[in-house]
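Chemist: Mind docking chain L on chain Y? Use the hints.
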Amino acid sequence: MNKSLIFGLSCLALSACDQATDSSKTESINQAAKLETSAPAQPTTTVESSNRAGRVIFELHCAGCHDPGPAHAATKQLALVRGEDKAVIMQRKDLTADYIKYIVRDGLLEMPPFRPTDINNAELDNLATYIVEGAKAHTPEETK
Amino acid sequence: MTKPLPQGISLGQFNAAIAEIKQVVGKDYVFLDDITELRSYRDAYNTTNDADFAPSAAVAPKTVEQIQKILAIVNDYKIPIWTISTGKNFAYGGPAPRKAGYVVLDLKLMNKIIEVNEKHGYAIVEPGVSYYDLYNFLQEKGIKLWIDCAAPAWGGFVGNTSDHGAGYTPYGDHLLMQCGMQVVLADGTVVETGMDTSANSKTGALYKYGQGAAIDGLFTQSNFGVITRMGIWLMPEPPGFTPFMITLENERDLETVTDLTLPLRLNQVIHNAPMTVDLLWEAAMSVSKRQYYTGTGPMPESNRQKMAKDLDLGIWNYYAAVYGPAPMMKNNMEIIRDTFSTIPGAKFHFDKTRKGDPGWDYRVKLMQGIPNMTEFSLLNWVGGGGHINFSPISAADGKASMTQYQMIRKRAHEYNFDYIGEFLIGWRDQHHIFMLMFDRMNAEEKKRAHELFAVLVDDAAALGYGEYRTHLSFMDQIANSYSWNDNALWDTHHALKDELDPNGILSPGKMGIWPKHLRGKS
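If you read the protein sequences in the order shown, they are chains Y and L.
Going by this note's numbering, the first sequence opens with residue 1, and the numbers climb by one from there.
Going by this note's numbering, the second sequence opens with residue 145, and the numbers climb by one from there.
Hints were generated in silico from the structure; no laboratory data involved.
Ideal Cβ placement from N, Cα and C applies to all residues, glycine included.
Worth double-checking, as some hints may not be accurate.
As the list claims (entries may be wrong) - With a straight-line cut-off of 25 Å between C-alpha atoms, the simulated PhoX-like cross-links for lysine-lysine are:
{"id": "1", "chain 1": "Y", "residue 1": "101", "chain 2": "L", "residue 2": "171"}
{"id": "2", "chain 1": "L", "residue 1": "496", "chain 2": "L", "residue 2": "453"}
{"id": "3", "chain 1": "L", "residue 1": "496", "chain 2": "L", "residue 2": "543"}
{"id": "4", "chain 1": "L", "residue 1": "285", "chain 2": "L", "residue 2": "509"}
{"id": "5", "chain 1": "Y", "residue 1": "101", "chain 2": "L", "residue 2": "147"}
Unchecked claim - Just the calculated beta-carbon pair ranges, DEER-fashion:
{"id": "6", "chain 1": "Y", "residue 1": "133", "chain 2": "L", "residue 2": "331", "range": "29 to 37 Å"}
{"id": "7", "chain 1": "L", "residue 1": "482", "chain 2": "Y", "residue 2": "136", "range": "57 to 65 Å"}
{"id": "8", "chain 1": "Y", "residue 1": "136", "chain 2": "L", "residue 2": "660", "range": "54 to 62 Å"}
{"id": "9", "chain 1": "Y", "residue 1": "55", "chain 2": "L", "residue 2": "660", "range": "47 to 55 Å"}
{"id": "10", "chain 1": "L", "residue 1": "599", "chain 2": "Y", "residue 2": "99", "range": "36 to 44 Å"}
{"id": "11", "chain 1": "L", "residue 1": "164", "chain 2": "Y", "residue 2": "99", "range": "32 to 40 Å"}
{"id": "12", "chain 1": "Y", "residue 1": "55", "chain 2": "L", "residue 2": "560", "range": "49 to 57 Å"}
{"id": "13", "chain 1": "L", "residue 1": "381", "chain 2": "Y", "residue 2": "68", "range": "25 to 33 Å"}
{"id": "14", "chain 1": "L", "residue 1": "479", "chain 2": "Y", "residue 2": "82", "range": "34 to 42 Å"}
{"id": "15", "chain 1": "L", "residue 1": "479", "chain 2": "Y", "residue 2": "138", "range": "35 to 43 Å"}
{"id": "16", "chain 1": "Y", "residue 1": "96", "chain 2": "L", "residue 2": "560", "range": "36 to 44 Å"}
{"id": "17", "chain 1": "Y", "residue 1": "95", "chain 2": "L", "residue 2": "147", "range": "50 to 58 Å"}
{"id": "18", "chain 1": "L", "residue 1": "361", "chain 2": "Y", "residue 2": "96", "range": "48 to 56 Å"}
For reference, chain Y alone in the conformation it holds in the complex:
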């Protein structure tokens, strides 16, 4: 590896750090810059411009517990206490956007709250819409 390149980019990272309030010079971590596999990563960040799609937020923060299947803690518990038809939130037609937003910020039983730095308000709107719309589009197995 070209070590001078490491140093050069390391300096770049520092200066980028100083300039990070200029959102045009930054980009989402989910859209990280192209990278040679043995080269340093370009600095990436989510700052003012962060307005990640509902799907991106869901996969990053929700899917780990709410995807279908027994490896997912929330799905499993909802199946047990609310019934199989209420287990997978992406398939539930009874959840409103306002309810989802409230639970995300406040937590519920096993689920801790999510901070505005995890999911900002614009992204929370995207997430709630994604879940509500996704559920609307879901067709239960037996009716397929």
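Modeler: The following block gives chain L in isolation, referenced to the frame of chain Y:
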């Protein structure tokens, strides 16, 4: 509801400081609403009251320069701040501060992956980078490096490492695998540790020590500075990986399996930290308590036995893995089989027969650094989600394992809780994690959990065991147990605190380290 304020600070002073901080980070990155914003900064799983840990505000800087300016302001006003990284330190307090009224310095938006070096196997990351973030980045770029993540993987490198967290690959001792850090001191000075002391440094993430005192550890589990970036070593993807589980039938097998493990670990026949996991922890990955027992108190033995049989689990379930080229794994697995097959009833399990079992699948993922959240199923055991971890260290020694296990189990049952635990054998030590689960909506249960925890700290200390990490509520009690030679260690911490942070603004009380004006008053 009255606005929680920092001790000794008037609302006028607080508002003036906040107005200045807004000038630095912008109003959108200062969170003040106690209901719609700051409830997300509370510790949802505490054993006392939310109000005990309610912050007055949270501030989310994006650059080192902004942190320097914030520190200058809070030094002027003598307002305490509480630094968090990804804020997922659940079971130990989550994002919440040690005391009500602190301002949370939330570094989640400092989430740059500054460098990934595949050849030399490291990354340099900011505090907001989560395990998922770096894993996704490596996958997306096809970089053949593994991360080592905590079990619920929404946390991050800087926070977990600086809280001395552990993982499950051969790189599981996180602080051992840390190399170089950047820290902002209370007076705004930016320090880079190790080799990053000169403008020409090219080895900051390669060699830990530089010249002079190796000070990285001073900034972990402490409040002497704000870590703003960290070098972490990443394991190259090995040519092969063989995870295995051994189910053990008897309680006493804990002693034997621990003693048999130590030489294999010291000689690196087993490459990662083996875990001996109790029945309930394992079962909780697949079922909830109510499916086997609807009474109160700990699950009776007959129900435990039925559940173990149904789920093909042991009273103890031992997980580990070997890594490397096929011939090397074959040799090591032969030694491992010969060693553990001496335990009557020990049964080996592999991917071929176990795949699809959530307990097996998530351990296999963890042992190769694939982030997941399955371990959160533990919170379903009784429902209600409350949990704090009691985490004493012992020698990797069978008798010590049994002593700790019996002590904690007896106390847990006395207080009407299940024993749910695991042992993780590091290099020579053993972390014992007792997961104290309670319904966070049940005030009586919370109180009982709190009392049990306090008793366990004293019981462990009496036997010479200290904890490696703890919840906000018990930091002082545990600090007091590290009292050898008339509290010489804590006097040293406090001498450093007074020198590096004379106004006591940085995370007062973190791990029982208090600034002079608050010492002895908590």
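Chemist: Now, for every hint given, state plainly whether the structure supports it.
Modeler: Hint by hint, here is what the structure shows:
At roughly 22 Å between alpha-carbon atoms, residue 101 of chain Y and residue 171 of chain L fall within 25 Å of each other, so this suggested pair holds. A hinted pair counts as satisfied when its Cα atoms are at most 25 Å apart, and residue 496 of chain L with residue 453 of chain L qualifies at roughly 20 Å. At roughly 34 Å between alpha-carbon atoms, residue 496 of chain L and residue 543 of chain L are farther apart than 25 Å, so this suggested pair is violated. The straight-line distance between the Cα atoms of residue 285 of chain L and residue 509 of chain L is roughly 20 Å, inside the 25 Å bound, and the hint therefore holds.
At roughly 24 Å between alpha-carbon atoms, residue 101 of chain Y and residue 147 of chain L fall within 25 Å of each other, so this suggested pair holds. As the Cβ distance of residue 133 of chain Y to residue 331 of chain L is approximately 51 Å, the hint placing it in 29 to 37 Å is violated. Our hint of 57 to 65 Å for residue 482 of chain L and residue 136 of chain Y holds, since their Cβ atoms are close to 59 Å apart. For residue 136 of chain Y and residue 660 of chain L, the hinted distance range of 54 to 62 Å is satisfied, since their beta carbons lie about 60 Å from each other.
Range check, residue 55 of chain Y to residue 660 of chain L: about 51 Å between beta-carbon atoms, so the 47 to 55 Å window is met. As the Cβ distance of residue 599 of chain L to residue 99 of chain Y is approximately 40 Å, the hint placing it in 36 to 44 Å holds. Range check, residue 164 of chain L to residue 99 of chain Y: about 37 Å between beta-carbon atoms, so the 32 to 40 Å window is met. Restraint check, residue 55 of chain Y to residue 560 of chain L: a C-beta distance of roughly 44 Å breaks the suggested window 49 to 57 Å.
The supplied range of 25 to 33 Å is met by residue 381 of chain L and residue 68 of chain Y, whose beta-carbon atoms lie about 29 Å from each other. Residue 479 of chain L and residue 82 of chain Y have their C-beta atoms about 49 Å apart, which leaves the hinted 34 to 42 Å range violated. The hinted range of 35 to 43 Å is not satisfied by residue 479 of chain L and residue 138 of chain Y, whose Cβ atoms lie roughly 51 Å apart. For residue 96 of chain Y paired with residue 560 of chain L, a C-beta distance near 39 Å keeps the hint of 36 to 44 Å intact.
At roughly 32 Å, the beta carbons of residue 95 of chain Y and residue 147 of chain L sit outside the given window of 50 to 58 Å. For residue 361 of chain L and residue 96 of chain Y, the hinted distance range of 48 to 56 Å is satisfied, since their beta carbons lie about 49 Å from each other.
Going down the numbered hints, you'll see the structure goes against 3, 6, 12, 14, 15 and 17, while the others check out.
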